[in-house]
Amino acid sequence: MRRCLGLAPRRERRGDLGRLCGGGLRGGHGHARAPERTAEAIACAEALRGLRSRSGLSLKELGAQTPCSKSSWERYLNGKTHPPRGAVVSLCRLARQPPAHPLALWERAETARNRPPRPAVPVPAPELTALPEPVSVREESSPPEPLDPRPAAARRHVRTGAVLAAALLCAAWLAMAGPWRSERADADVPASSEPEFACHGQRCTGRDVIATRCGMHPDMVSTHRPAPGLRVDLRYEAGCGAGWARVWGQRIGDVFTVSVAGGEPQTLTVPDKYATGIRLHTPMIATDSPDALRVCVSLAPGGPRQQCYPAAPPSP
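According to the working numbering, numbering within the sequence shown proceeds without interruption in unit steps and concludes at 316.
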């Protein structure tokens with residue numbers, strides 16, 4: 001009936017979806033080839049897990065709101081399969097984050113994935129000892145080649161003159177090209193090696209430290225350990241005029257809130273197991289002073305009650 005109406009068979013339409021999501025069909029059994037666990041692939045998968053944590057969506061919800069299935073997202077987030085570019089863009093949209101930095105990590109992972117393997121070092125073949133050739137006696141010897149009539153001293157003078165002429169030509173070329181090369185080199189040097197941040201002050205509130213490049217070289221304000229195995233760092237970037245909390249050793253259900261006096265608190269909630277075992281950070285909050293930062297930790301049900309830590313202990 002579908003062929004009579006001119007519609008594509010269902011099997012072909014599912015095949016198109018599989019190509020879009022790298023072979024991860026809903027309920028299918030075809031899987032894409034597992035990529036090599038390169039450093040670029042690990043960084044890309046970690047960025048995807050951070051975006052998924054930022055979105056607050058489960059794997060089932062991701063499968064429902066994107067063209068890729070729940071099982072495909074599980075492989076992407078664990079780094080078992082390299083995701084398609086469209087999946088990264090969809091996840092950035094759901095997390096309400098700019099796609100520039102995640103796509104840059106994706107491009108590096110894609111390049112490393114398609115990099116040809118290094119050629120094997122060839123093993124030199126054993127040298128064979130050549131047998132001596134038989135000596136033949138010529139009946140008539142050819143006349144000797146005429147010797148160079150020029151004395152050795154004259155030949156040395158000719159070679160020395162050629163070398164001096166070549167050296168003079170090189171010196172003249174360097175004298176003419178030197179100023180041009182210096183000006184070109186000065187023009188290629190950037191005016192400043194400082195990173196270009198994507199926001200500053202209030203424009204950074206609620207934004208991600210990776211996407212804005214504020215997390216490249218921040219200052220460590222203070223470190224706190226609310227529970228065994230859990231570490232919370234307060235960090236600050238003066239170039240962005242903002243701070244945030246970075247956590248490590250978190251568990252499902254933990255809640256971390258960073259705040260300053262008069263500002264809107266920013267919260268990170270650990271949604272599931274895929275947001276554990278990695279470093280996470282809260283959204284940024286604008287502040288002129290790192291000493292104004294404060295972080296509160298509410299551990300998963302059954303843990304200690306909420307604990308709050310200032311950036312610096314109060315003065316006596």
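Just so you know, these hints were derived from the structure itself, not from any lab. Computed from a prediction, not measured in an experiment: that's the story for all the values here. One or more of the hints may lead you astray.
Stated by the list, open to error - Below 30 Å or equal to it, Euclidean Cα-Cα: the simulated DSBU-like pairs (lysine-lysine) are:
no. : residue 1 : residue 2
1   : 60        : 80
2   : 70        : 273
3   : 80        : 70
4   : 70        : 60
5   : 273       : 80
6   : 60        : 273
Stated by the list, open to error - FRET-style restraints, in silico, Cβ to Cβ:
no. : residue 1 : residue 2 : range
7   : 300       : 206       : 31 to 41 Å
8   : 308       : 248       : 11 to 21 Å
9   : 42        : 89        : 16 to 26 Å
10  : 168       : 37        : 50 to 60 Å
Backbone N, C-alpha and C define an ideal beta-carbon position, used for all residues, glycine too.
Here is how each hint holds up against the structure:
1. Straight-line distance between C-alpha atoms of residue 60 and residue 80 comes to about 18 Å, which keeps the hinted pair within the 30 Å bound.
2. Our distance criterion of 30 Å between C-alpha atoms is met by residue 70 and residue 273, whose separation comes to about 15 Å.
3. Annotation: proposed proximity of residue 80 to residue 70 holds, straight-line Cα distance about 14 Å (limit 30 Å).
4. Among the hinted pairs, residue 70 with residue 60 is consistent with the structure: their alpha-carbon atoms are about 5 Å apart, no more than 30 Å.
5. A hinted pair counts as satisfied when its Cα atoms are at most 30 Å apart, and residue 273 with residue 80 qualifies at roughly 16 Å.
6. Between residue 60 and residue 273 the alpha-carbon distance is near 14 Å, which keeps this suggested pair within the 30 Å criterion.
7. Separated by about 24 Å at the C-beta atoms, residue 300 and residue 206 break the suggested range of 31 to 41 Å.
8. In this structure the supplied range 11 to 21 Å holds for residue 308 paired with residue 248, their Cβ-Cβ distance being about 19 Å.
9. At about 21 Å, the CB distance of residue 42 to residue 89 agrees with the hint of 16 to 26 Å.
10. Here the CB-CB span from residue 168 to residue 37 is close to 58 Å, well matched to the stated 50 to 60 Å.
When each numbered hint is compared with the structure, a violation occurs for hint 7 only.
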